[in-house]
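Chemist: Residues per chain, in single letters:
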Amino acid sequence: MSPRDAVGEISPELGAIRQVRRRPKLSWSMRIGGAVLIFYVAVALISLVWTPYDPLTPGIGDGYDAPSAAFLLGTDRLGSDMLSRLMVGARYNLGITLTAVTIALCIGTTIGVIAGYHGGAIDTVVLRAVEIFQAFPGLLFAMLVVQAVGPGIVMLVVQAVGPGIVNVILVLSFVGIPDYLRLARGEIHSRRSWQYAEAARMVGNPPWRVAFRHLLPNSIGPLLAFTSINAAFVALITASLGFLGLGLGPNTPEWGNMIARGQDGVMTGQWWVSFFPGLAILGLTGAFYLLGDAISDLTDPRRRR
Amino acid sequence: MSGELLEIENYSGAFRSPTGELTPVLHEVSYRLKAGALTAVVGETGSGKSLVALSVLGIQPPSFVRSSGRILFRGVDLLGLDEKAMRKIRGAEISMVFQDARAALNPVFTVGRQLADVYQLQHGGGRSAAMKQAIEALRRVSIPEPARRARQYPHEFSGGMAQRAMIAMAALICEPSLLILDEPTTGLDVTIQSDIMELITDLCRVGGLTTCLITHDLGIVAETCDEVVVMNAGRVVETGSAQAIFTQPQDPYTRRLLAASQLVEAAA
Amino acid sequence: MTAGGAILQVRGLRKNFPVDGGRHLVAVDGVSLDVAAGETLALVGESGSGKSTVARCIVRLIEPSGGDVVIDGRSILPLQSRLLAGVYRRIQMVFQDPNASLNPRMNVRQVLDEPLRLHLDLPRAARTARVRELVEMVGLGAVHLERYPHELSGGQRQRVGIARAVAVSPDIVILDEPTSSLDVSVRGQILDLLLDLQRRLNLAYLFISHDLQVVQHVADRVAVMYLGGIVEIGPTQGIFGDPRHPYTRALLSAAPVAQWGVERKRLRLKGEISSPIDPPDACRLVGRCPLAQPACAAAKPALIDIGHDHAVACPVVVDGAAPFPSGDLQPRLAAAATRGL
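Residue numbers (the numbering used here), protein chains in the order written: chain A, 25 to 329; chain B, 181 to 448; chain C, 2 to 342.
The hints are simulated quantities; they were obtained by calculation from the structure and are not laboratory data.
Using N, Cα and C, we set each Cβ at its ideal position, and we do this for glycine too.
Any given hint might turn out to be false.
As the list claims (entries may be wrong) - Label-pair distances were calculated between CB atoms; the ranges are: (1) C/D320 / A/P241: 53 to 63 Å; (2) A/G58 / C/E273: 53 to 63 Å; (3) A/P91 / B/E201: 26 to 36 Å; (4) A/L151 / B/D431: 54 to 64 Å; (5) C/E273 / A/I244: 50 to 60 Å.
Based on the provided sequences and hints, a complete structural model is requested.
Modeler: Shown next, in the form of structure tokens:
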């Protein structure tokens, strides 16, 4: 029992007066995770305006140059600068991850909240639909969606970033939707019979407002924690897809792809070609995990906020 | 000091926060439990009444730090005993019943099994003998069809019945000299409350069991208790016989509490 | 204007919940009551009596299975849900648990502002003034406006809940055990506040409680519920001074009084409460009642008027057919009343 609880126990009035709104102390997990993530975002943004060399041009170096003053992280087999490729790669890995997670979060949470609040028939239908959905291969469903949505919008996006990336994002987001959906649904479902939800109805809120404006914000904690950990997972899958060469062009400076291209080098002593992209992925995934951990601790219902 | 089974002497303590700050919560709490009597410890939320009771059994929250005082049971300071000695005392000498009986029982074992397990722990012996004792204990607390009930799980018991089972476990299976009950009837319907209180007073008077009833409900105290200890904000404000406390309360807080319980204006 | 000045009329309200195996749990079984402007009707009962379900059915937080609810002359059950908001300007609710009835993420100002915005559509300046007026009306101050629920005591939170309910100036407020979760010393203050507001704003109250002492303090009329039905209804003095129904007598005789030396004789009901699942058409007390006759198991008794606005759902006591088993039983609270409580 914290002293705050204890004081509240002794005398509710006294407890109320003495409770100062303390800022939660930022734990080390949150600081490190947050710092790393901010660093990655910064690198990605910088890469939009400047990189040491052109990441896509081969032959700048001789090929397999070791890290040196000229090439801080060395060059790959074709002589492209590793550092530049890594910086641009941040855009891919981070961008794909965040986009996919955001899409999954928005769609999944919205449907989940609706299903959780209404309960009954809607809830049952949605849950069964999700189960059927998960039985399908994700890629197949993504393709069906692309067909349904129509080539128009998708083509615009595709022209901007390239067809492979759109596929990857679609697959990752669709595969992720059921988890967000179930989580949001569970949170809302368990809260909807709380008295403040009933009070919100009495006060004049239509059901959808009760669900989104009152119940959902109180479920932010678990949702955020899950999002962060899910982002770690998605980052890893993105890199894995890139490693397998799926979805992206062969010269794309995506980190997983870069690891694959440096495979030969690992055996013959040119370790840096695979090492640095691997380190980058590790850092990103780890940062998300740390953040998720920290958020989860912060929003633990056993800590009275 | 014959006649006093338990004596709390100047017990003071504080809660320690994770950062190390101490918030004092108990201040020189002193009272005595007469042997064979039914004593009520009354107070509102946060008065510290439950905390003292938990300390008697050595199960107070780990963040609680004692700063002074002794708890003498038959003359021995319980606070000075190590865990092994305390375990011998819990159940065998001092036993406790908590507020929410259904939550205090393990949901995955039948009620009879749980009582039988405690019996074996306290008295040894074989499983079937223990189960017989369990059923007998259920019968003695007026649970109808005790043999059938013993085979049921806690969630199949109503609130009142589960509380009877807990009392059976704490008072009959364990055979202590001192029984502490922490808000045993809060949350139960008033007719069930009455029945439970009758059971408790029976055990006390007929069985000669020293009983300590922790509650905020002055109604049941007026009906059943011999002695009363009034606590507020970690302090004992008044003690005395039940008759004295109700008819001639001395302390202003006691008077306010009585008035509030009777929903009348307190005399100035 | 409705006949007899009743703000709220409930007729034959029913609520069933389906349970496994195609059976039904009858939570509310044909409840009828009236509440007139400015009066307090208490709904008393133990757990399983259905009193909270009645309250929620009246405001359609739970959809009733049958019956009618008429508020100020208008039947509200057939209304589509989006029209219900208008109803909530006339009837409001105060909830039991002050911890659970306030959104933890909204401060007091936001809590009180919301009904003004949604129900009354007032402009900002008017809302600010009204919010200030409301907090003062319930005994809090402007300093509390920025606080969040976890920074308030239980009593203070309940005051906010009350302020929220009267914000739209309703005609009738349903209070669902408003003091049960509060400490004894705070209880009296909150009840006084409720009585004060009732006088000032001419509110009608439907007061739901299991605490007989509280009810005796605040109610004009009392309805006693058991297993989904009203077994006795009448003026407070009549119910507490001359209870007729065996269940009412059992209930009153079990209620403890915080006074020394009150003699008590309990009227006991045998056994456990009977199952509310698919009940037979009989008196719900059959099997527990010391006065049970064969006719009691044949049909569910209706409320019988015995004069002075007092009605009992027990033909046995009305006919005087069988006396109470243990001679003269003085209900305890009446005895306490004669001692000048």
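Chemist: All hints, please: hold or fail.
Modeler: Here is what the structure says about each hint:
no.	hint	result
1	C/D320 / A/P241: 53 to 63 Å	60 Å, holds
2	A/G58 / C/E273: 53 to 63 Å	58 Å, holds
3	A/P91 / B/E201: 26 to 36 Å	51 Å, violated
4	A/L151 / B/D431: 54 to 64 Å	60 Å, holds
5	C/E273 / A/I244: 50 to 60 Å	44 Å, violated
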